[in-house]
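Asks: In case you want the letters, here they are:
Protein chains: 4
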Amino acid sequence: MTHTVESLIDHACLVVHGPDRQGLVAAITALITRNSGNIMSLDQYSDNAEAAEFFQRVVFHREDLKVAIEEIEEDLATTLTPFGVEWTLTDQSIPKRMAILASTSDHCLLELLWRHRRGELPVTIPMVISNHTNVAEDVRSFGIPFFHVPSQGADKSAAEARILELLKGNVDFVVLARYMQIISEDFLDEVAAPIINIHHSFLPAFIGAAPYRKARERGVKLIGATSHYVTKELDEGPIIEQDIARVNHAMTAADLQARGAYVERAVLSRAVQWHAEDRVIRKGNQTIVFTDRP
Amino acid sequence: MTHTVESLIDHACLVVHGPDRQGLVAAITALITRNSGNIMSLDQYSDNAEAAEFFQRVVFHREDLKVAIEEIEEDLATTLTPFGVEWTLTDQSIPKRMAILASTSDHCLLELLWRHRRGELPVTIPMVISNHTNVAEDVRSFGIPFFHVPSQGADKSAAEARILELLKGNVDFVVLARYMQIISEDFLDEVAAPIINIHHSFLPAFIGAAPYRKARERGVKLIGATSHYVTKELDEGPIIEQDIARVNHAMTAADLQARGAYVERAVLSRAVQWHAEDRVIRKGNQTIVFTDRP
Amino acid sequence: MTHTVESLIDHACLVVHGPDRQGLVAAITALITRNSGNIMSLDQYSDNAEAAEFFQRVVFHREDLKVAIEEIEEDLATTLTPFGVEWTLTDQSIPKRMAILASTSDHCLLELLWRHRRGELPVTIPMVISNHTNVAEDVRSFGIPFFHVPSQGADKSAAEARILELLKGNVDFVVLARYMQIISEDFLDEVAAPIINIHHSFLPAFIGAAPYRKARERGVKLIGATSHYVTKELDEGPIIEQDIARVNHAMTAADLQARGAYVERAVLSRAVQWHAEDRVIRKGNQTIVFTDRP
Amino acid sequence: MTHTVESLIDHACLVVHGPDRQGLVAAITALITRNSGNIMSLDQYSDNAEAAEFFQRVVFHREDLKVAIEEIEEDLATTLTPFGVEWTLTDQSIPKRMAILASTSDHCLLELLWRHRRGELPVTIPMVISNHTNVAEDVRSFGIPFFHVPSQGADKSAAEARILELLKGNVDFVVLARYMQIISEDFLDEVAAPIINIHHSFLPAFIGAAPYRKARERGVKLIGATSHYVTKELDEGPIIEQDIARVNHAMTAADLQARGAYVERAVLSRAVQWHAEDRVIRKGNQTIVFTDRP
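Protein chains in written order, with the numbering used here: chain G, 68 to 361; chain A, 68 to 361; chain W, 68 to 361; chain D, 68 to 361.
Rather than coming from a laboratory, the hints here were simulated on the basis of the structure.
Just so you know, not all the hints are guaranteed correct.
Identical copies carry no separate label here, and so any pair may be met within one copy or between two of them.
[What the hints assert, rightly or not] Think about it this way: if two alpha-carbon atoms lie no more than 27 Å apart in a straight line, the pair counts; the simulated DSS-like pairs of lysine-lysine are:
#, residue 1, residue 2
1, Lys-350, Lys-281
2, Lys-223, Lys-133
3, Lys-235, Lys-163
4, Lys-299, Lys-350
5, Lys-281, Lys-133
6, Lys-133, Lys-163
7, Lys-281, Lys-299
8, Lys-235, Lys-299
9, Lys-163, Lys-350
10, Lys-299, Lys-133
11, Lys-163, Lys-281
12, Lys-223, Lys-350
13, Lys-350, Lys-133
14, Lys-281, Lys-235
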């Protein structure tokens with residue numbers, strides 16, 4: 068749903084994650100009340116049958132949040148420590164800073180820029196970085212800085228170093244919008260921010276390169292796209308969102324790619340939005356996603 | 068999701084509806100905690116921009132619920148009265164009693180009976196009533212009583228009286244599974260239980276009779292089905308669920324009807340399940356539905 | 068599916084419409100063969116149960132089509148006259164000229180411009196006309212002329228005259244991409260080209276203004292969009308394509324509008340593509356659409 | 068779409084498959100005309116960019132088809148031999164004979180029986196065979212013979228021999244409706260009829276056993292089902308149809324299985340219908356499917 072920065076003023080989002088204990092929900096909601104908060108939405112999940120882990124996302128409204136937030140955080144530290152859970156409290160009116168890495172394809176990139184301009188993504192976009200220049204003008208027409216970092220040859224370390232230099236201190240998360248370079252483990256360690264990727268298949272089917280060609284060869288009747296967090300295992304990171312499109316025998320691999328582009332841009336946009344809204348909690352190699360899907 | 072009666076033992080569902088007030092959520096969750104309950108799921112909604120009404124559904128687990136439920140109800144009465152809200156507390160292990168009214172079509176009826184047999188609908192089905200006899204054998208093969216109440220002629224009052232006699236005291240809600248008789252206002256007053264209907268169009272398009280024929284004539288590219296509570300305004304009651312299927316120029320009105328049958332049975336089944344699970348709250352001529360849709 | 072102009076060279080599309088007669092399909096396919104054509108795809112439909120009307124679309128490949136097309140047309144005239152059918156033959160490598168009329172909303176407009184740039188719409192876009200100026204820069208960044216034709220006051224005749232002046236002789240069809248002015252009957256008569264509109268509801272539900280607000284008030288669980296040809300009856304023209312999105316109680320009318328924008332842009336794009344590819348045949352107030360949907 | 072046997076009287080289906088040659092379509096349609104046929108629908112596909120193979124399905128109406136069919140077949144043999152293509156001509160009013168093999172699950176089995184009873188599957192069902200007895204009564208209530216062939220122990224050859232004995236000469240194709248026994252290569256050789264299976268995953272993801280558990284572990288957001296022809300390579304045969312359902316973190320493997328059942332029954336039903344209507348043509352390990360999807 069749409070959310071201008073104005074509509075999110077004085078809205079805090081509390082995310083709690085840890086062992087499920089009786090009384091935890093009551094402790095959290097009592098805390099919000101005594102800090103003059105009014106709960107706007109509350110999602111929770113306990114994997115009781117498995118590890119008895121508890122996950123919660125609460126959004127509450129609190130007049131003059133900016134004044135009160137430190138006090139609320141102190142109360143959280145005192146209240147939740149006995150429960151042994153982790154928590155984060157974010158001021159929803161402060162958008163996350165999102166960098167986008169792209170290559171030549173523009174469909175995912177432009178969709179993100181356009182949704183951002185419409186006020187549908189609660190982020191700022193400090194920069195777009197590409198190893199190509201073809202999207203530069205489009206990006207700048209949205210008023211967003213574009214940096215070209217070429218990436219030829221086998222040794223990508225110089226390019227990665229340059230990208231890290233640009234990102235360092237400037238971003239809260241990174242989106243790979245059909246960025247066609249493999250990210251090194253060193254880069255992952257250094258960047259120290261979540262990275263969201265879009266893979267052009269319905270993972271775990273067609274892992275690796277050329278999924279549309281493989282899909283065509285296998286004769287599948289549906290193609291898909293998967294947005295996931297990047298980990299050291301390629302195409303194996305926690306899945307945030309997936310969707311599919313129907314295809315048939317008459318479509319070439321190029322047709323699948325063209326049709327798939329629409330799935331990719333939609334799936335990546337939803338994953339980015341949910342991450343930006345603190346709706347995604349990682350649990351090992353899985354995600355808990357408290358979506359806003361109706 | 069599936070739920071055998073066993074899995075719902077010691078699970079209570081609390082539905083709260085009324086003016087939104089600060090502290091209400093905290094009061095409710097504190098109450099659950101002090102009554103030794105553990106919150107399993109919690110959904111809430113406030114229409115802040117409109118009437119500032121608050122709607123909440125909480126499911127909590129409580130050992131020996133049957134022993135404690137009266138005490139919890141007393142606590143609820145004491146705690147929630149100051150807030151001016153309405154509430155209901157139900158033991159989730161006690162299935163609602165659902166009567167089905169049908170005519171000649173079997174698709175909605177059999178789908179409900181079959182889902183029930185699979186343990187996917189938390190209800191008992193004390194009876195199926197039809198103004199025809201063609202489905203009698205199918206119904207009885209599920210081990211469910213079938214009653215034939217013919218409904219010829221202009222005066223339906225005798226038939227309605229007979230149906231009321233059968234229902235009285237035996238059911239918690241009634242489902243019209245393509246029951247092709249108009250329900251009188253008197254019947255609605257007398258039955259004093261919610262009635263869920265399935266209409267074979269995407270309401271409010273094609274209100275009234277023969278919606279598939281009308282859809283064909285208008286040349287629509289989608290047909291739909293709508294499940295709603297029955298009120299004195301025909302086809303105007305609060306909508307619980309809707310869905311659609313794609314159609315094209317080559318399909319006759321009979322083809323639309325055949326394809327629509329699949330939408331109808333799915334839409335009605337979801338509406339019935341959500342009603343049975345106390346997920347639907349009426350708000351004037353609208354519904355708040357805390358679905359389990361992933 | 069994608070189609071660069073190159074891939075459509077030497078491809079002809081024959082559309083036939085008229086009374087169904089035995090031997091008609093054989094006559095057409097024999098004609099294509101004796102004119103050295105190779106049939107690439109063939110769709111047909113007979114509404115036998117109704118008016119016995121016949122509709123066919125054949126795409127065939129013919130080396131040196133441009134040289135042969137006049138001869139083929141003569142053969143068609145000779146061959147098909149006895150059958151009493153109408154026909155059109157188009158060289159698929161000659162894109163149709165499409166003008167877009169827009170107002171302040173950019174979602175449908177930009178989607179069309181972007182799909183065009185990707186080579187997914189077989190059209191040229193000689194101009195975009197708007198009664199506002201906010202989209203001017205976006206349009207021109209795609210290298211497409213933008214004309215501002217203000218439309219204040221009750222009398223729209225001057226604005227319409229100016230638009231007609233711009234369109235006359237320059238376009239094959241016109242798309243209203245959320246153009247918020249009512250088109251007069253005189254304009255329809257004068258422009259003498261098909262006009263495709265996108266209506267922001269699942270017609271015939273919520274005809275007229277403010278459909279998202281009406282949908283919210285009625286409490287529907289799905290919203291839709293409808294693309295149709297414009298006729299003198301507002302919102303009543305032949306429907307080309309429709310689709311829907313799921314919504315719920317928590318979404319405001321503004322949320323519905325934001326979510327609906329994604330349905331609108333997809334539905335309008337498909338309708339435009341199918342029209343441009345001669346896949347849509349009008350039959351009274353209905354359409355026969357030989358889609359490429361897999 | 069629905070089709071009673073009555074509506075298919077005097078309807079023939081011609082399927083042609085072989086090298087694409089200019090004039091082939093014209094030769095076929097001319098043949099139909101000179102044999103007094105009227106083409107009702109025609110689908111074709113050429114994989115020009117690959118092997119230049121041609122696939123066509125034509126349904127035509129011909130008064131007194133039963134009288135004329137031999138003559139038409141002779142004409143086909145004479146006309147099509149020079150083109151080097153394979154062809155089959157079937158009288159659409161003669162339903163294919165379909166055997167169903169099942170185990171304990173009833174969802175796919177009952178859906179097929181019920182669709183058959185509604186007249187939506189143009190088949191006869193001479194028998195249902197199961198290695199369990201729990202579905203016997205349900206099957207017989209549809210008036211269809213049920214045979215129990217137990218299959219304990221490592222050696223399945225006796226069971227397979229018994230099944231072959233039942234099938235031999237009595238069926239045109241076999242459907243595995245969640246039949247949980249592995250089919251031996253010998254059985255495949257002996258039965259000499261197409262076998263259609265439903266696999267409970269979106270192949271090629273989660274090949275092999277326990278796909279719902281694997282899907283849960285991988286944290287996918289969609290589950291699927293795949294209907295395919297059975298070949299000697301398990302789960303690797305030509306795919307006929309696939310579909311998916313959305314799932315989330317809160318659903319257990321049992322929940323996925325319950326939700327997946329609805330996808331399975333729909334996917335298998337469509338595959339069966341299309342096979343029965345001669346809409347599926349095998350091409351190596353792929354299928355050409357001329358669906359009736361609108």
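Asks: If a hint holds in the structure, say so; if it doesn't, say that too.
Replies: Structure-based check of all given hints:
{"no.": "1", "hint": "Lys-350 / Lys-281", "in the structure": "between (30 Å within a copy, 16 Å between copies)"}
{"no.": "2", "hint": "Lys-223 / Lys-133", "in the structure": "neither (43 Å within a copy, 51 Å between copies)"}
{"no.": "3", "hint": "Lys-235 / Lys-163", "in the structure": "within (14 Å within a copy, 50 Å between copies)"}
{"no.": "4", "hint": "Lys-299 / Lys-350", "in the structure": "within (16 Å within a copy, 39 Å between copies)"}
{"no.": "5", "hint": "Lys-281 / Lys-133", "in the structure": "neither (52 Å within a copy, 38 Å between copies)"}
{"no.": "6", "hint": "Lys-133 / Lys-163", "in the structure": "within (16 Å within a copy, 48 Å between copies)"}
{"no.": "7", "hint": "Lys-281 / Lys-299", "in the structure": "both (24 Å within a copy, 21 Å between copies)"}
{"no.": "8", "hint": "Lys-235 / Lys-299", "in the structure": "within (20 Å within a copy, 55 Å between copies)"}
{"no.": "9", "hint": "Lys-163 / Lys-350", "in the structure": "within (22 Å within a copy, 36 Å between copies)"}
{"no.": "10", "hint": "Lys-299 / Lys-133", "in the structure": "neither (37 Å within a copy, 51 Å between copies)"}
{"no.": "11", "hint": "Lys-163 / Lys-281", "in the structure": "neither (37 Å within a copy, 34 Å between copies)"}
{"no.": "12", "hint": "Lys-223 / Lys-350", "in the structure": "neither (31 Å within a copy, 43 Å between copies)"}
{"no.": "13", "hint": "Lys-350 / Lys-133", "in the structure": "neither (30 Å within a copy, 35 Å between copies)"}
{"no.": "14", "hint": "Lys-281 / Lys-235", "in the structure": "neither (37 Å within a copy, 38 Å between copies)"}
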